[in-house]
Amino acid sequence: MHGMAEAIDRLSEGGGWTEFTRRRFLQVGGIGVLSSALLAACNGGGSPSPVTSTTIPGPTTTTIAVPSPDIAVLRLGSSIEHYVVSLYGLVAGSGLLRSSALTDAVKYFSDQHADHAGFFEQATRDHGGQPFTSANPVIGDTLKSRVDGLRNEADIVKLAYDVEQMAAATYFASAGTFQDLILNAAVAGVSGVEARHVAVLGMILAGLPQPLSDVPVRKDSPAVAPNGVQTGTGAVAPGTGV
Amino acid sequence: METKLTVAGATFPLTAPSATPTDVDLAAFLVTVELAVVSVYATAAGKLADPKASTLSRTFAAQHQNHATAWAEAAGDKAVRRANPRLVSATMPDLASAATAASVLGVLQTLEDRMAATYQFVLERLLSDAHLELAASILPVECQHAVVFGMLAGKGLKEVIPANFQTRDGFIDPSLFPIKG
Chain V
1 MHGMAEAIDR LSEGGGWTEF TRRRFLQVGG IGVLSSALLA ACNGGGSPSP VTSTTIPGPT
61 TTTIAVPSPD IAVLRLGSSI EHYVVSLYGL VAGSGLLRSS ALTDAVKYFS DQHADHAGFF
121 EQATRDHGGQ PFTSANPVIG DTLKSRVDGL RNEADIVKLA YDVEQMAAAT YFASAGTFQD
181 LILNAAVAGV SGVEARHVAV LGMILAGLPQ PLSDVPVRKD SPAVAPNGVQ TGTGAVAPGT
241 GV
Chain X
1 METKLTVAGA TFPLTAPSAT PTDVDLAAFL VTVELAVVSV YATAAGKLAD PKASTLSRTF
61 AAQHQNHATA WAEAAGDKAV RRANPRLVSA TMPDLASAAT AASVLGVLQT LEDRMAATYQ
121 FVLERLLSDA HLELAASILP VECQHAVVFG MLAGKGLKEV IPANFQTRDG FIDPSLFPIK
181 G
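Top to bottom, those sequences are chains V and X. With our numbering applied, the first sequence corresponds to residues 1 to 242, in that order. With our numbering applied, the second sequence corresponds to residues 1 to 181, in that order.
Hints are computed from structural coordinates only; laboratory data are not their basis. We treat Cβ as the ideally placed atom computed from N, Cα and C, and that holds for glycine. Treat the hints with care, as some may be off.
[Said to hold, decoys possible] Reference excerpt, derived from the structure (chain X facing chain V, CB under 10 Å, subset only):
hint : residue
1    : Lys-52
2    : Gln-63
3    : Asp-77
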């Protein structure tokens, strides 16, 4: 965590406000007032998370506890990963998978997402929060009709593509918002792998390098990276479902 | 200060951000690296006969040009708008000796994997929110480029997604690939 002294050092190192945004300043030296209900939601109702404390000078001294905003993102991360693992598990047991390419991808991706879930849970603990250890219920509800409607490999690939895109967008949306700067790199490291999943599924949808017999080639969108940059389109907001 | 991240029993080194090099230094470095990739793509284009591979290659080259432009804006007066000379000289021999389309695609995949690793390295050092956001928007795309070229080259899943976590292994080190050569 970055204290006020370090914030002042950063401001005086020549970068000034261009190196240390107002948002970061508020996170380090600012104040926040949150209801007890919101605090309980951020903590998952479990043991209270450590907070950053600050003192407001005045005739009387008041200390207001501010929970780390990083924990909300980390809990969302593990909830998404658990959802994806459960989705791939359902798909694997559905009997709908025909091609070895897709069967292998589902298994491989699922294992990687399980490891990502472990990372987010540990990161949550490391930052004093209560890890979220199950599938995100809001995402589950939102996608339930699509999951219930899966009828063939083409449906599976399209749904998996959209879900992986959602994960990548969500992790990107957290970039530059972390109080603990290390988390920018750590979470980006996860998003890089989700992006690779998107690329594999995008290639399958594009019929590259060769089309799968049960997956019609998609002609309404490019295989991968249409914009040249990852965007936050479709990102899930921190706090959703957790 | 070296920080480590453990995922599934594997340990990845992360480094806590420090003041040196500065965000502007890193931005200036990335301009030259992206432009080096653009120049490599220009050479590779002549060796990719397959229209799908050729089209994707041109699309990705344009994206790298846009990445360079974005970092040049971030670097301001420190921007040097030329391809990183050592990266170009390190990559071109492999491209020149690539005799098949698969081997050309393999060179491009390796380069993109190094770019992804480089962005991971950079993300461990950037301080400004805007620069962190820019780097985080580009890293996934380099990953996707690598997957596309790898799959077109006939590589399997574990070769296009070799690890559960993007690391800086194989990154293009600014101290070894300086801006001006």
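For each hint, the structure was consulted:
no., hint, result
1, Lys-52, "holds, 6 Å"
2, Gln-63, "holds, 3 Å"
3, Asp-77, "violated, 13 Å"
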